[in-house]
Amino acid sequence: MSSGSRPVDLASLAVRELFVKSGGDRYGLTEAEFHCILEQVAAKYLPGAQAEQRQRFWRELKLEELALARACAAGHELAWQVFLTRYREKLYDIARGITKEDSRARDLADSIYGDLYGTAEKDGRRVSRLSFYMGRGSLEGWLRTVLAQEFVNRYRKQKRLVSLEEQTEDGVQFSAAVPDSSGPVDRRLGVAVDAALEQLAADDRLILAAYYLDDRTLTEIGRLVGVHESTISRRLEKLLKGLKKQVLAGLVARGMNRGQAEEALEADVRYLQVDVGRKLQENRPAAFQEDKGSD
Amino acid sequence: MTELSKLLRQRLASGSHARVRPESHPDADTLTAYMEQLLPAAERNQVLEHLAACSHCREVAALALPEPVASQGAPAVAAPAARRWGFLWSPRFRIAASLATVAIVATILLEVRPKPQEQAKTPDSFTAPSGGSAEKDTRAAAKPETAFEAPVPPPSANTRAGLQDSITPGAARGRSEVEANRSVAIGNARAASSHVDNKAAPPAAIDRDSAVSSLSGRPVMAGGVSGFSRNDYVNQGFFANNAPADAVSGALFVSTDGAELPSAPPPRTSNQFPSPTISVANIMGFADMPTQNTGTQAVRILAPPSRSSRLGLAYLPALGTKAKSVLRHSVPAIPPGATSFAMGGAGQLNPNVSEAAAAAPALDGGVSALEQSGAFRRRALSDAGSVNMKAEMLPESALSLWRVSGGRLVRPGETAGTWIEACPNFEAVQFATSSAHGKDLWAGGANAALIHSSDGGVTCERVTLGASAIGTIIHIEARGAVVQVKSSSGQSWSSQDGGKTWKIDE
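Protein chains in written order, with this note's numbering: chain A, 10 to 304; chain B, 761 to 1266.
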């Protein structure tokens, strides 16, 4: 286990308390090794933070699961037994929930198992994906996220290679032609809409994006944002009303009279300019690779 | 708003509004902490900003969300409404609603249509005793469980005056059930008991309640009122005023071994009853008492109290128009010449026939013992909904009580246990059905045989329907000159001139 530079300015009592709480000694971890892990986590999420801030941050970590994951990454046998007992079936269940199909779920879970065990080597040492777990969320949640990332990356890649025949067999229609950006609609409309969107809160924009772009249900959006789906419904309605007012006001502010602004708002959206390049760039599947690399 | 939605979809897809560039994605730990709502507000807002702009991370986050569990997942949109009205679908409410519905329906059926059940029961449980037999003889009848003596009170006092035209067999059956089967007590309330039956009191209720009342030691009130569950049927004042002298003093109890039971008086025919002398004042407690002229004498009809007084008003909306029709129902008109009728139902007593029925021959078609006796006749009502108020009037003559038994056409004789066969000169005809009104008798049988007699079966003549008539005559409907017969082959013949000419109905 790589420990890096050994911290010298920590309160040893606080670290010892956290170490005891983690139960890391069951898996062969020493207090010093655990201290190094904590420092690694703090360096990633709280760079340059004071000792007190770090200790407060550490106390919010899932210490027991962090110790287990890191012990597994170090190849501790008992830790792996505990890990497999706790998460083996869960991992398959999670994969099944993501893929909605047994064989693909097993394939996905098996591939993640390989990563977790550490099939790749770096500097002559086996690198386990569990060494990237930082304990900010639950280990099960982290495994769930890792599986989802792997699924999205893997099957998005595969989706690009689907032939036209397969698409036809799947009932996929041919994509519509990219609309001509040089339409008759006033460019001020797009600018006004963008300005109105920028003024929204982050969760409001997330709601709009999940609803209009991802076609998520209100239930899914509610779970994504962490509020009740009825709240999502009310907020969507409120958002649309507010946005219309904002856009109309923005169009008036950009030189239109009220009638022109309403007419522009009701224009056919096919003539609006769309930044296709930026959209494609946004959809680039780089999260998992970046995640792996950064961790 | 539709165009705005499309506009938003396009502008959101362009990502030109995004404050953060989606190139730097949050790692799995951060996303996990976000979904588990463990991030501090500032960091959570950063993740929200990223998710709003990054469809990839939105997809990952959506996939990584744990499956909603009913107990811990977000409730459905309709959850508030479901909580509000959810009790409607709870098993407890369903059971309660079902029970309430059953109770309401049962109550309505009992209240609106109480008589058919009880009257249908009457023929099965009533067998008139042979003339002059005592109670012990009655017990020794062929069907001890159901054969009851019908003690007829002595024709003294004016208690029974005026009741001969309206007495029903349920009265005798009601008391005789107690006396013969239970042998526990006899209230000296014969006249009143008859009167109660005239009020269409349920015979079963009379029997059971009287028995239970006697068993429990409750005194039987003069007039036989005690033990009746339906006191609204009973005119207390009438009983007090009209009870015989030996009954007014109170209840008369006897021992259970029957030693002190009074001997049953001989059965009577209606001819032995005195002429009606009942005063109006004595029956003023009854509701619905229209007076109708039947030839030379006026007959006062005693009817149960108005339905509306027995039905709770709450029933009326549930019953709808049916309830209204029932409530509006009136006592049927009495055709001229009719002197006997039954209150409240499809059964009626034939006062000219002896109540003895032990020797009555078995009838074809499963007719009940009561009907076999000839003393009671049951006819189907045209309107099943008008249950008990639609009594059919019968002519006075017993000649209308023809029955088919063993392929023969018979009617009760004037003396008990005797039967008179009609149309003896038509022995070759296997009769299947008959229809009689007074002395006008129609009977049909196998091979489309149709017999008509206009003198009560003394002389009969064969009527030819038509060359194409086939099958057995199974139904005859005669109303004056209009006669309609139906055969087992499905043919229907009708005559408008008393049977002189016939035509087949299409």
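Bear in mind the hints are in silico, worked out from the structure with no lab data behind them. Owing to the predicted nature of the structure, the values given are computational and were not obtained by experimental measurement. Incorrect hints may have been included.
[What the hints assert, rightly or not] Derived DEER-like restraints, expressed as beta-carbon distance ranges:
(1) A:Q59 - B:A801: 14 to 22 Å
(2) A:S112 - B:A801: 37 to 45 Å
(3) B:E871 - A:R243: 46 to 54 Å
(4) B:P826 - A:Y126: 22 to 30 Å
(5) B:P826 - A:G57: 29 to 37 Å
(6) B:A856 - A:R243: 16 to 24 Å
(7) A:E86 - B:K766: 54 to 62 Å
(8) B:E803 - A:K254: 30 to 38 Å
(9) B:P826 - A:P56: 46 to 54 Å
(10) A:E69 - B:S858: 48 to 56 Å
Built from N, CA and C at the ideal position, the CB exists for glycine as well.
Hint check results:
1. A hinted range of 14 to 22 Å holds for the C-beta pair Q59 of chain A and A801 of chain B, which are about 20 Å apart.
2. Taking the beta carbon of each, S112 of chain A and A801 of chain B are about 42 Å apart, inside 37 to 45 Å as hinted.
3. Between E871 of chain B and R243 of chain A the beta carbons are some 52 Å apart, a value that agrees with the proposed interval 46 to 54 Å.
4. One distance hint, 22 to 30 Å for the beta-carbon pair P826 of chain B and Y126 of chain A, holds here, with the actual separation near 24 Å.
5. Here the CB-CB span from P826 of chain B to G57 of chain A is close to 34 Å, well matched to the stated 29 to 37 Å.
6. Checking the proposed 16 to 24 Å range against A856 of chain B and R243 of chain A shows it is violated: the Cβ atoms sit about 36 Å from each other.
7. At about 59 Å, the CB distance of E86 of chain A to K766 of chain B agrees with the hint of 54 to 62 Å.
8. In this structure the supplied range 30 to 38 Å holds for E803 of chain B paired with K254 of chain A, their Cβ-Cβ distance being about 32 Å.
9. Taking 46 to 54 Å as the suggested C-beta distance range, the pair P826 of chain B and P56 of chain A does not conform, at roughly 31 Å.
10. Between E69 of chain A and S858 of chain B the Cβ separation comes to about 55 Å, which falls inside the hinted range of 48 to 56 Å.
Checked against the numbered hints above, the structure violates hints 6 and 9; every other hint is satisfied.
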